[in-house]
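**Q** Read off the chains here:
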Amino acid sequence: MSRKLLETDGREWVQKGIISEAQREQLLDLYPTDATAIGLLPLLGSLLVGLSALSVVAANWQGLPEVVRLALLLGSLCGAYAGGEYFRRRGNLNLGMGLIALGLILFGASIVLTSQLYQLIGYDLTGLLAWAVAGMALTWLYRSRLLFLMTAVISGIVQGYNTGQLGAFSYLTAIGTALGLGYYWWRRPDALLGGVLATGLLWQAALLINHLHVKITWFFIPAMLVYAFGDWQPDRPAGRALQGPPLVAAFLFTLGLALFGESDLYAGQLRAPLLPYLASLAGVLAVSVLGKRQRGRLGSLTDWLLLLPGFYFTGGLPLAIATLVVLYAYSGAVLLRAHQEQNQDRVTLGTVLFIITTAVAYFKLTWGFLDKSLFFLLGGLLLLGLSWWLRRRAAHTFSSSTTPKP
Amino acid sequence: MSTPLADPLTPVSGPAGGSPSTLPELPEPTRRRWMQWLVLAQVLFVLGVAAAGYATAALGRTITLRTRPVDPRDLLYGDYVNLRYQVSELPGRLWRGTTLPRRHQPAYVLLEPQPDGTYEAVAAFPEKPATTGNQAVLRGSVQDVWRRGLRLRYGLERYYVPEGAGRQLERRQSLRVQVSVAPWGQARITSVEPSAE
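Line by line, the protein sequences give chains A and B.
Quick note on the numbering used here: the first sequence kicks off at 1 and runs consecutively.
Quick note on the numbering used here: the second sequence kicks off at 1 and runs consecutively.
Some clues are possibly wrong.
What the hints assert, rightly or not - Example chain A residues on the side facing chain B (calculated, C-beta under 8 Å, incomplete):
hint: 1; residue: Cys78
hint: 2; residue: Ser115
hint: 3; residue: Gly167
hint: 4; residue: Arg187
The set of hints was computed from the structure by calculation and includes no laboratory data.
Predicted model only: the values in this text are computed from it and were never measured.
We treat Cβ as the ideally placed atom computed from N, Cα and C, and that holds for glycine.
Next up, chain B with everything else stripped away, as it sits in the complex (with noise of 0.2 Å):
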């Protein structure tokens, strides 16, 4: 039985000369032999994707970091809280490049403790810089360039919130985000909770 969707056809061919030959079906032992390790890559692959969640967590150095307030109504969006850092809006003095910041260029931004316990931006860098003591490393990219200042993006900005949470968290108007850094740079938020002031 012929479905022009379901299966492949095998197409005529036009009377013009030097038609290339049709390609014909796999034998069917090389199929199934490569339809196994296909589903293997994939399996690996969502594998990996969690491993590398699990190891960003559990090998990382967690930070906490202060978002700005942002209108509430903004907050929300479906499954997910849209989170905007102290430390997404830089100010330009603290861009130690030799040529100014491009868009989509990345960027390290070194961040230092502050008294309270969060983590604030010192400097922002073009590589990769060298730490010292309890400063950490944050990796982003920039998104935006004007004068006076440069906007990150983190791959930090989306919560997926635990059923139910997001209403609490919409009515805060500041946040502290726990974000786990792994030595290889990759970043995962660990936690959101409602800032105490």
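With the rest of the complex left out, here is chain A (with noise of 0.2 Å):
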């Protein structure tokens, strides 16, 4: 029940005898202002501040000794995370997190500053990677999930300029990552958390494979080794936020496959070699169905049909085909899962990955046959009328419910 439903419905409960004055307010205090909007502001508020200060010492940069440019820096940084210290301290947590946030923020900009005041361009990571070292160290200080954020963020940056600038992966700081941030996620299970961990370490792990020039189908072992590691989180809204954007990245590979898997140039690209491959897989699987028999969610197999390595065979239109079944039955199985589960966000999921899915079936099967009106006519066609007969069965399942789950 939410806080805005009670907050205007309350007094006419009171009013037709359902509840008293005091239970509503004992009601209402149940539910907290909710301050999802005032969360966010101060991160942006601590961003722009940031910048600003940033712009407004840039600009007069060049004019300042040399002492004075580092004396403020140091001197913001400090103040900065005083600052945070004290409002937290007060009981102002939002603010004091903001300030915490832009300290560390700071720490970034003075290290990039100090080193161009002293034309030091640093080819090495040191000073980036403290960066990130010191986003991990506060984010475990103070149990943050705004610094959770900023240190995924972080991590990912540095990755990124040292692949694309300097030409090297630094494992150090992918291996920190997936640790550091890996075990807190852990303990403190967490839905939002959990997706940008994975986002930010699946970003990792696709700088990787692109720096190591292997066949791109490799990413999927970092990838799947995430989503293991959401098996075996006993949060279980948390450990499937963590499995999101693998299971994305998987479907939209399948995908792929089903649109262009008919050419043996496209699929050859995928082959990597087939033992080490197929065990690594193998391994991950084994990781993943431990997890899932351990916390009782054996019905999630379905996802790893997205992994199925159709792409070593040479088979042309039928591997496209295949493909396209193998979508329909992972589509098939999240609806049906969801359906059982009563789960209504899971059942939206399933409907438009069902429709997506028909939708690629429809253009590869048909495009070369068909008039292009009458494709176009047919297609519409078809997605209404399946649109229309999944929100029934929705609809059915949701009505005939007699114990919905919560």
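Two chains, two separate frames, one set of hints: put the complex together.
**A** Dropping the structure here:
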């Protein structure tokens, strides 16, 4: 129940004698003011203040003596942290954490500006790495979601800069991010942070694959390792959120295979050395299955359908069609489980996946044979009919349920 | 007051058994003590960067390098100029390693002064070589290798231009760059001026 409903309808309930005024107030106390929007403000505020300070100082930067420049940087750094602590102690947590976050941004800015001051370009990673390490330490000290988010982003930036500018992959950064933030998330499971963490790790994995110039299918080994980690997480929503990004990547990949797999040239780009790839994939699968069994979620094993390595077959059109069958099996399984669990959000998700698959299948199978106007007419009718049927099915599920799950 | 982004939530553990105990908040005094150390470490790190830069100029020896003429449109890029040196590209015969150079391998370039006062490369080594008299060594990393030569990067390819001087540098074709090389190998630019010719 939302506070909003209580606020608007509560007085009416009191008038109708359903609850007393005292009970209404007790209920209201149960739902403190939702402060999601306010939580975003310190983030944006600290960003803007940081940027403006940066631009003002940068405009006059050259005119200032070196010592003054250094003092300015370090002064604002310490000031931000001290201010953060001060406001936290006074109970103003949002402002406090905003200032601590600003301190972290200022630390990064200080490293960059001091390097410029002394014409040190630094083709080594030490400076940026120190920034990420500071973010990690702050996250652990304050147990803060905002700092977690920033650390994930900073690590992504460090890795991006490293592979892009320096032409090297920092395994230290990748492992540090995975262990430091991963263990934090493990102990403090959270849906939003799970999504952020998975996205950050997939980004670094993608950079690694690109850096190593290996077949892109190797990407799914680290990606599914992240997924398997989610299987072991006792907190179900958080685990699901961590598994979202790897599944999105796998679904898009399979969709691409259905669209282009017909050409052996494309499929050939995906064929990693057979045995090592399958062995690694099987290893990750084992970790995932064990996790699922441990937490009693073997039903979600259908997710692994997307990882079927069909691209090893030189099938041409049959391969594309087989991939479509896999996509149907996957989205059908999502729908089926959503109906069983009576989970409205997942029904919607399954519906969307099913419709996307149908659109691709239709495009794939009829584009060449049909007159174009007929193609679009029939395609439109097909999708409309399908969405109508799926929605009816969903409505049926939710109306017939006598004991809806919370 | 609880806000999802700015302060840590106490998450609800799942129904499944064996859930790890949720990480508790750090006790206030412990956190504050660690925080003091962390801020101190950050300040020291920034000071360390400054000290390294200062010491390189104060204790290092100064050599002059000449840049290659580059397309002036490429040269100025925001607040800094991109520099390409004569010693950025070396002929392969200067390489003194037992094996062929590889990308991202460190390379130590031995420099000797020329009659016009600038330094030119005489050899490149995979390990730091011994120097005699007025020779100097610049540490770089191999960026590219091809049949007849190799391209190196020294960490001196960018010069942050003092306000307004960029336009002046842009029109020049060749520049003389003063570089300070510290005894421990770190190098930084101390000044950039247009070449006499």
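**Q** Does each hint fit the structure? Answer for all of them.
**A** Now for the hints, and whether the structure bears them out:
1. Hint status for A:Cys78: holds, given a least beta-carbon distance of 6 Å to chain B, under 8 Å.
2. The beta carbon of A:Ser115 comes within 6 Å of a beta carbon in chain B, closer than 8 Å, and the hint placing it at the interface holds.
3. With 8 Å as the threshold, the beta carbon of A:Gly167 comes within range of chain B, its nearest partner Cβ sitting at about 6 Å, so the hint holds.
4. Because the closest C-beta pair between A:Arg187 and chain B is about 4 Å apart, less than 8 Å, the hint holds.
Consistency note: the structure conflicts with none of the earlier hints.
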